[in-house]
Amino acid sequence: MRIVCLIFVFLFINGCSENPCRYHPNEAPPTVEIEVKRLEKELFKSQELSEVEIFFQNHKDMAVTMFHLNEYPNEKILAERIFGLVQNEFIDTLYAEADEAFDQPIFEKTMNTSLGWLKYYFPEMKVPKIQTIVSGLYNDLVVSKDLIIIGLDFFIGESASYRPIGVPQYILRRYEAKYMTPTILKFFIADYSSSGDEETLLSEMIDYGKIYYLLGSIMPCTPDDLILGFTPKEIRDVYAYQELIWSRIIEKEWLYVTDEFTKKKMLGERPKTIELGDECPGRVGAWIGWQIVKYYMDETGSTMQELMANRNHHEIFAQSKYKPKNRH
1 MRIVCLIFVF LFINGCSENP CRYHPNEAPP TVEIEVKRLE KELFKSQELS
51 EVEIFFQNHK DMAVTMFHLN EYPNEKILAE RIFGLVQNEF IDTLYAEADE
101 AFDQPIFEKT MNTSLGWLKY YFPEMKVPKI QTIVSGLYND LVVSKDLIII
151 GLDFFIGESA SYRPIGVPQY ILRRYEAKYM TPTILKFFIA DYSSSGDEET
201 LLSEMIDYGK IYYLLGSIMP CTPDDLILGF TPKEIRDVYA YQELIWSRII
251 EKEWLYVTDE FTKKKMLGER PKTIELGDEC PGRVGAWIGW QIVKYYMDET
301 GSTMQELMAN RNHHEIFAQS KYKPKNRH
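If you read the sequence shown in my numbering, its first letter stands for residue 1, the second for the next number, and so on.
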């Protein structure tokens, strides 16, 4: 099981796409219905330590993945810690704010549609169990192919009385309800994509590009800024100046580098990719990878399954004929 820590309403951004809905098949996706179990409601009813112990016995996956049970000498010590948390008055505030911020009907509708599209492309997809919790900012997300656990108190947004400590602002701003579902799905779909057979920057950009292409396909009407976790201005800028961004990468001869330091400059969490421009956003390499994959799919007409299985990323790049133009 992969545990994802992010320390990271639909708006249509004019100029980011000619059509607010991207690469959308002209048919309906299979019907999918998720069930969201609001485990914070059960936990916060606890009046005795024994009730918290029973809670963890009944929800062992939650105890292990969300609260790291295996790091404690025994289950009772964890239960004592969480019982103390439940009794703390600050957690009541977080609980109330998280409950208000979480629009469960919208979340369920979006997840049902998105997982329906994922099942359209990958019929073998199994609907995961989905649980929510208020953890006192202990952990934000757990995502595996079978189970998704959401720490709702991380996604309250700027209005929250308490927010994660020590998180840079450029990451903290993504802890908003509007980014939550795309972020969950980005990690959930990662296993459907085969990594490239090389360790170059180009190959790893296309790794990201394939995931974002699939994410954009199962959330076809979600704008690019929410898909990427960029700001609306960052999305407008990268589309407007993508030829310049690309030319600077070529000038620096970065495409086929294999050193981790350079790759992190393009793909790692940073406020800006200053080597390419003072206002160039961090993780811009992932966005470029997405554009390359879009070009490739337009050029070749490959199916989604063919794209995701293709490990020859040099071939994807060559066949994409990616030659961006600035757009103002």
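Errors might be hidden in some of the hints.
Straight line, CA to CA, 20 Å or less: simulated PhoX-like cross-link-like pairs of lysine-lysine [as the list claims (entries may be wrong)]:
(1) 119 to 109
(2) 129 to 145
(3) 129 to 109
(4) 145 to 37
(5) 60 to 41
(6) 263 to 252
(7) 45 to 76
(8) 323 to 252
(9) 145 to 126
(10) 129 to 41
(11) 252 to 264
(12) 60 to 145
(13) 233 to 178
(14) 60 to 76
(15) 294 to 323
(16) 109 to 37
(17) 178 to 252
(18) 119 to 233
(19) 37 to 60
(20) 60 to 129
(21) 60 to 45
(22) 37 to 126
(23) 129 to 37
(24) 178 to 109
(25) 233 to 252
(26) 145 to 119
(27) 272 to 294
Beta-carbon label-pair distances, calculated as ranges [said to hold, decoys possible]:
(28) 27 to 300: 20 to 26 Å
(29) 158 to 275: 28 to 34 Å
(30) 269 to 158: 16 to 22 Å
(31) 23 to 261: 31 to 37 Å
(32) 93 to 198: 48 to 54 Å
(33) 314 to 108: 39 to 45 Å
(34) 247 to 74: 58 to 64 Å
(35) 92 to 277: 30 to 36 Å
(36) 311 to 277: 54 to 60 Å
(37) 299 to 104: 40 to 46 Å
To be clear, the hints were calculated from the coordinates, so they are not data collected in a lab.
Where a beta carbon is used, it is the ideal one built from N, C-alpha and C, also for glycine.
So, going through the hints one by one against the coordinates:
Under the criterion of a C-alpha separation no larger than 20 Å, the hint pairing residue 119 with residue 109 is consistent with the structure, at around 15 Å. The straight-line distance between the Cα atoms of residue 129 and residue 145 is roughly 9 Å, inside the 20 Å bound, and the hint therefore holds. A C-alpha spacing of about 15 Å is found between residue 129 and residue 109, which places the hinted pair at or below 20 Å, so the restraint holds. Note on residue 145 and residue 37: the hinted pairing holds, with a Cα-Cα distance of about 17 Å set against a maximum of 20 Å.
Taking the CA atoms of residue 60 and residue 41, the gap is about 17 Å. The hint holds against a cut of 20 Å. With a C-alpha separation of about 13 Å, the suggested pair residue 263 and residue 252 falls inside the 20 Å cut-off, and the hint holds. For the suggested pair residue 45 and residue 76, the alpha carbons sit about 18 Å apart, so the restraint of at most 20 Å is met. Of the pairs offered as hints, the one joining residue 323 and residue 252 holds, with about 17 Å between alpha carbons and a cut-off of 20 Å not exceeded.
At most 20 Å may separate the alpha-carbon atoms for a hinted pair to count; residue 145 and residue 126 meet this at roughly 8 Å. Our distance criterion of 20 Å between C-alpha atoms is met by residue 129 and residue 41, whose separation comes to about 17 Å. A distance of roughly 15 Å separates the Cα atoms of residue 252 and residue 264; the hinted pair therefore holds under the 20 Å criterion. A distance of roughly 17 Å separates the Cα atoms of residue 60 and residue 145; the hinted pair therefore holds under the 20 Å criterion.
The hinted pair formed by residue 233 and residue 178 meets the criterion: a straight-line CA distance of about 16 Å does not exceed 20 Å. The hinted pair formed by residue 60 and residue 76 meets the criterion: a straight-line CA distance of about 13 Å does not exceed 20 Å. Of the pairs offered as hints, the one joining residue 294 and residue 323 holds, with about 12 Å between alpha carbons and a cut-off of 20 Å not exceeded. For the hint pairing residue 109 with residue 37, the CA-to-CA distance comes to about 15 Å; that is within 20 Å, so the pair holds.
Of the supplied pair hints, the one linking residue 178 and residue 252 is violated, its CA atoms being roughly 36 Å apart against a limit of 20 Å. This hinted pair does not check out: residue 119 and residue 233 have alpha carbons roughly 33 Å apart, beyond 20 Å. As the CA atoms of residue 37 and residue 60 are separated by approximately 14 Å, the hinted pair is consistent with the 20 Å bound. The suggested pairing of residue 60 with residue 129 holds, with an alpha-carbon distance near 14 Å, which does not exceed 20 Å.
With a C-alpha separation of about 18 Å, the suggested pairing of residue 60 with residue 45 holds against the 20 Å cut-off. Restraint check: the Cα-Cα separation between residue 37 and residue 126 comes to about 17 Å, which is no more than 20 Å; the hinted pair holds. Using a Cα cut-off of 20 Å, the hinted pair residue 129 and residue 37 holds, with the two alpha carbons roughly 8 Å apart. Between residue 178 and residue 109 the alpha-carbon distance is near 14 Å, which keeps this suggested pair within the 20 Å criterion.
The straight-line distance between the Cα atoms of residue 233 and residue 252 is roughly 26 Å, outside the 20 Å bound, and the hint therefore fails. At most 20 Å may separate the alpha-carbon atoms for a hinted pair to count; residue 145 and residue 119 meet this at roughly 13 Å. Annotation: proposed proximity of residue 272 to residue 294 is violated, straight-line Cα distance about 24 Å (limit 20 Å). Look at residue 27 against residue 300: about 21 Å separates their beta carbons, and that is inside 20 to 26 Å.
Range check, residue 158 to residue 275: about 30 Å between beta-carbon atoms, so the 28 to 34 Å window is met. In this structure, residue 269 and residue 158 meet the distance hint of 16 to 22 Å, their C-beta atoms being roughly 20 Å apart. Distance hint check: the CB atoms of residue 23 and residue 261 are about 35 Å apart, consistent with the given range 31 to 37 Å. Between residue 93 and residue 198 the C-beta distance comes to about 50 Å, which sits within the given range of 48 to 54 Å.
At roughly 41 Å, the beta-carbon separation of residue 314 and residue 108 lies within the given 39 to 45 Å, and the hint holds. Separation of residue 247 from residue 74 is about 59 Å and conforms to the stated range, judged on CB atoms against 58 to 64 Å. Remark: the range hint 30 to 36 Å for residue 92 to residue 277 is contradicted by a beta-carbon distance near 46 Å. The hint said 54 to 60 Å for the Cβ distance between residue 311 and residue 277, and at roughly 32 Å that hint is violated.
Checked against the hint of 40 to 46 Å, the pair residue 299 and residue 104 passes, with Cβ atoms roughly 41 Å apart.
Of the numbered hints given earlier, the model fails hints 17, 18, 25, 27, 35, 36; all others are met.
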